[in-house]
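As a plain string of letters, each chain reads:
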Amino acid sequence: MRRAILTIGSTAAGLAALLSFKTHTSAADVAEPGVSPSASSAAAATPAASMAPSAKPKASSTASPAKMKATASAGSGGSMTTRTITGTAETTLYGPMQVKVTLDGTKITNVAVVQETNDGQESQSIDSFSIPKLTAETLTAQSARIDTVSGATATSTGYIGSLQSALDQATA
Amino acid sequence: MPTQPAAPRPAPAPSARPLRPGRGIARLVLPVLVLSLIGLGALAVIGLWWQSTPRPTTTGALITDAGDVLGLLAGYGFVILVGLMARLPPLEKGIGSDRLARWHAMGGRYVITLVSAHVPLIVWGYAVSAHVQVTSETATLLTTYPDVLMATVAWFLLLGVAAFSARAARRRLAYETWYYAHLYTYLAIALAFSHQFADGPAFQTNATARIAWSALYATVGALIVWYRVITPLLRSARHHFTVDYVRPEAPGIVSVFITGRDLDRLRAEPGQFFRWRFLTRELWWQSHPYSLSAMPSPDQMRITVKASGDHSGSLADLAPGTRIFAEGPYGAFTPLLTGRRVLFIAGGVGITPIRAMFAALPKRMSGGITLLYRASHPRDVVFSRELNAIAADRRAALHYLIGSRDELGYDPLDADNLQYAVPGLHRYEAYVCGPPGMTQTAVAALRAAGIPSRRIHHESFDF
Numbered sequence: 088m089r090r091a092i093l094t095i096g097s098t099a100a101g102l103a104a105l106l107s108f109k110t111h112t113s114a115a116d117v118a119e120p121g122v123s124p125s126a127s128s129a130a131a132a133t134p135a136a137s138m139a140p141s142a143k144p145k146a147s148s149t150a151s152p153a154k155m156k157a158t159a160s161a162g163s164g165g166s167m168t169t170r171t172i173t174g175t176a177e178t179t180l181y182g183p184m185q186v187k188v189t190l191d192g193t194k195i196t197n198v199a200v201v202q203e204t205n206d207g208q209e210s211q212s213i214d215s216f217s218i219p220k221l222t223a224e225t226l227t228a229q230s231a232r233i234d235t236v237s238g239a240t241a242t243s244t245g246y247i248g249s250l251q252s253a254l255d256q257a258t259a
Numbered sequence: 014m015p016t017q018p019a020a021p022r023p024a025p026a027p028s029a030r031p032l033r034p035g036r037g038i039a040r041l042v043l044p045v046l047v048l049s050l051i052g053l054g055a056l057a058v059i060g061l062w063w064q065s066t067p068r069p070t071t072t073g074a075l076i077t078d079a080g081d082v083l084g085l086l087a088g089y090g091f092v093i094l095v096g097l098m099a100r101l102p103p104l105e106k107g108i109g110s111d112r113l114a115r116w117h118a119m120g121g122r123y124v125i126t127l128v129s130a131h132v133p134l135i136v137w138g139y140a141v142s143a144h145v146q147v148t149s150e151t152a153t154l155l156t157t158y159p160d161v162l163m164a165t166v167a168w169f170l171l172l173g174v175a176a177f178s179a180r181a182a183r184r185r186l187a188y189e190t191w192y193y194a195h196l197y198t199y200l201a202i203a204l205a206f207s208h209q210f211a212d213g214p215a216f217q218t219n220a221t222a223r224i225a226w227s228a229l230y231a232t233v234g235a236l237i238v239w240y241r242v243i244t245p246l247l248r249s250a251r252h253h254f255t256v257d258y259v260r261p262e263a264p265g266i267v268s269v270f271i272t273g274r275d276l277d278r279l280r281a282e283p284g285q286f287f288r289w290r291f292l293t294r295e296l297w298w299q300s301h302p303y304s305l306s307a308m309p310s311p312d313q314m315r316i317t318v319k320a321s322g323d324h325s326g327s328l329a330d331l332a333p334g335t336r337i338f339a340e341g342p343y344g345a346f347t348p349l350l351t352g353r354r355v356l357f358i359a360g361g362v363g364i365t366p367i368r369a370m371f372a373a374l375p376k377r378m379s380g381g382i383t384l385l386y387r388a389s390h391p392r393d394v395v396f397s398r399e400l401n402a403i404a405a406d407r408r409a410a411l412h413y414l415i416g417s418r419d420e421l422g423y424d425p426l427d428a429d430n431l432q433y434a435v436p437g438l439h440r441y442e443a444y445v446c447g448p449p450g451m452t453q454t455a456v457a458a459l460r461a462a463g464i465p466s467r468r469i470h471h472e473s474f475d476f
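Those protein sequence lines, which keep their order, are chains L and H.
The working numbering applies: residue 88 is where the first sequence begins, and numbers increase by one.
The working numbering applies: residue 14 is where the second sequence begins, and numbers increase by one.
FYI, nobody ran anything at the bench for these hints, they're computed from the structure.
Since we're looking at a predicted model, the values are computed, not measured.
Where a beta carbon is used, it is the ideal one built from N, C-alpha and C, also for glycine.
One thing to keep in mind: the hints can contain errors.
[To be verified] FRET-style restraints, in silico, Cβ to Cβ:
| no. | chain 1 | residue 1 | chain 2 | residue 2 | range |
| --- | --- | --- | --- | --- | --- |
| 1 | L | 98 | H | 193 | 26 to 32 Å |
| 2 | H | 146 | L | 240 | 21 to 27 Å |
| 3 | H | 448 | L | 112 | 50 to 56 Å |
When you get a sec, could you build the whole thing from the sequences and use the hints?
Below, the structure is given as structure tokens:
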């Protein structure tokens, strides 16, 4: 019995260490909010940036995990045609909203958040569930013509606006 | 004296296959090597998780990541658990079936725990990310995610098997009920396999990982089929194991003499056992491990069994000519020729493998062999004529320690009595076989006498 407690305890400790290590490393891969308002090519050099948080959790029912393949595959791509373009920062009631989009040729392979709304209150928790849904919808639609997420209108509008501006830059 | 059957025959002659000298280095190194390889594999699995997982930025992602890595480790753990039971000859010979079974049991409990943490963490993490109730997320997972329903069934199967295997349950169950319940783990592993690729972020986009993972599962599956099914079938066909006759040795103890073709070519070593399946209407579906009590001659070998369950009890009624399906030889409880003096300690029917080992030691070891034979009652002693003859031939010391501890008023196998009975005890290589309590006492006494544990060899009965 003591051995069982010891084993489970050390497994839990190892898991906690692993996760905290994961959380605190590879920070360079993800642009910090509020850093690059218009540096449209800065992130292109880091293909790992496409491994965005939005790729991870389950999104809406429109995006099954199998469809999320597209999201993660850009990370290992690194071909000449892979581009990352940052959209404009859209002002919303709750602060600026800015995304960058990764394209493999003309295919949208990922959308990562550069800045997200922050009013010091609920907006972060709203973003944490709405942004994955928006990203999943984008990857399915392959355009910025996606539905807003109910309960997160401001975030959705800002997201779609910033995404559209990035896609406009890509086709320009 | 036990009553002899109508046509008594002499015990089979000792094996022609001589023991080879060695210090048992492989037996010391192999367990460490195997455990290290298992650990390295687990690290590789964590590495796979690491490179496929982005930095978690939300609580939901963090919880999901934890569930992912536990799921991966469990998927790996199942392969290892099955592999340990694949009857790989180097593992059976170098580590021993009893130790492998203990590893399997310990690892099994651990892997079940991993799975049982993986499931709620995934549900919880997905629910937090999607901002929905755990109950509705559970429904979503079961209905919309590919193969999750099958994997959930697999989880329930595993929990059922775990409940059957829990020690308390196992004592109340027949060995066979437990064994056949265990076979459902194969079904569970098959059911849970596909959800790993369909839903696991480590595999969705990584074809190399999918191939390697499939190869791992396929390899272990092939080993199981080869060593647990095909090899025994081929061996039983070639050697044509058949019951020759059954001889009662003592109340509740019988020897089964087995004939066949080229039995000496089985390469059995003294102290090893086979898993026997007697093909009668009542017994064909059960397979039990019994040690050889005499080494095979070309056409005969012998096992000796105490009636302790339904199976061992019904062996007395085996008819001559009954066909036998046998798996083996297995077991790492075999004598090493290290040049040291040898001490055997046998308790009850634990004399069976010791008897085979005792007879197999070479003549040149004359004077350096001691056998202590512990029994609660004189009528439980078997092979006394054979043992006396071998002891005289080898000039070995043979002591019968008879009487229960209550009657004797002391334990003849405790440290003091053992050192008194065997002068210079710390210089011996020791082999112990008997019921668990006796084995524990004897091993502790031998350690207390200064014998390092690498020179104390024992095998436990119950696996």
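Evaluated hints:
Separated by about 31 Å at the C-beta atoms, residue 98 of chain L and residue 193 of chain H satisfy the suggested range of 26 to 32 Å. Evaluation of the 21 to 27 Å hint for residue 146 of chain H and residue 240 of chain L yields a pass: the beta carbon distance comes to about 23 Å. Checking the proposed 50 to 56 Å range against residue 448 of chain H and residue 112 of chain L shows it holds: the Cβ atoms sit about 54 Å from each other.
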